[in-house]
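S.K.: What follows is the residue order along each chain.
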Amino acid sequence: MNEPNKFEDIPGTYLFDRKRSREGYHLNMFCMSLMKPENREAFLADEKVYLDKFPMTNEQRQTVLERDWLGMIQMGGNIYYTSKLGATLGHSFQYLAGSMSGMAQEDYAEMMKAGGRPIEGNRSKSGGK
Amino acid sequence: MARLIAGLATSHVPAIGAAVDLGKTQNDYWKPLFDGYEPARKWLSEVNPDVVILVYNDHASAFSLEIIPTFAIGVADEFPPADEGWGPRPVPVVKGHAELAWHLSESLILDEFDITIVNEMPVDHGLTVPLSITCGEPDEWPFQVIPLAVNVIQYPPPTGKRCFDLGRSIREAIATYEEDLKVVIFGTGGMSHQLHGERAGVTNREWDAKFLDGLTRDPMGLTKIPFLEYVREAGAEGIEMVMWLIMRGALDDQVNEIYRHYHVPASNTSTGLIILENEGT
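Chains E and X supply the protein sequences, listed in that same order. With positions in the first sequence counted from 1, the corresponding number in our numbering is that position plus 2. With positions in the second sequence counted from 1, the corresponding number in our numbering is that position plus 267.
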């Protein structure tokens, strides 16, 4: 009944499946902790100390410290969680989306105003459609 | 008896809520979108429902990866706006309808939809933005709201068919509720959008138009769309549109399309709004 790996054929898309959910659990729960103002303050006061409370991998921790938004997603982060880190740092969804797709926020915003990223050419890696 | 008279579907983009909260709805960027909401506001104020069943997804606010209910219904008297990382939205507390919510829970479970019952549930932009879109900025929301949260974040979300069938069961449950109530159901989320990865920002105007057409005329056709097609054609986060099928399932087979509005973009998202009335209401 599962739909295995056909998703990997969709370019630039990271299905939040069981594998990513398990891999990213502690990274995502770190982001979730930023829902509370006192935790946001503690994180901003000393990021490394705060991050040590969460048993994520060093690579995941590094993506947070380096604001590597795409790297977080590639290591199991989910956008609805990583966007809480974004909010803590004063970033909008558009900023994050621009960063993940390798565009300046202004260029990304202009692309959206012009109708968004076209679906043509973005459906399939193998089919090239 | 309670009567379900209409359904409304709308996107629930957080930036739309921010535009309302920051007084930006009339600037060049937002005005075309908000102008399109005016007829929906007028319609809703004329319909003047007692209760809105609001189908939405929680975006890691009330729930997290700790617990992932596929379907969850809020049975409390009140639901506070959630702090999503920048403080709660400055909108009224959402008043529930506990009696009807409990009746729905019992009916759905006895009808074999094993829904999660929730007493404590802050509600995030997924629920409050549709209220802002349809009601503006009142001191209190003009109706009671029953939140129905659907998991569309962790794979797998419920199928479109399962959502549609849940709507069918909601319709039956409302029809057996004795109090004389006027009920409207909202489906929210969508339309085509992707918020993550290198493909962020993808939109698909043609697919969205077909979905809106199908919602009115061929909802059974829409129930056959597989998860993979939503992701490929409507963007990974476009899967939210299965929640529109809960709304549609709750309505009669034949409906009248009252209004439709479509606009790209709101921040990262293609936005749509549609109003469907049961015939004879």
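Some clues are possibly wrong.
As the list claims (entries may be wrong) - Dumping the calculated DSSO-like pairs for lysine-lysine here, alpha-carbon to alpha-carbon at most 27 Å:
(1) X:Lys491 - X:Lys428
(2) E:Lys38 - X:Lys362
(3) X:Lys362 - E:Lys115
Since the hints were derived computationally from the structure, they do not count as laboratory data.
S.K.: It remains to establish, for every hint, whether it holds in the given structure.
M.R.: Each hint, compared with the structure:
1. X:Lys491 - X:Lys428: 7 Å, holds
2. E:Lys38 - X:Lys362: This hinted pair holds, its Cα atoms lying about 24 Å apart.
3. X:Lys362 - E:Lys115: 36 Å, violated
Violation of the numbered hints given earlier is confined to hint 3; every other hint is satisfied by the structure.
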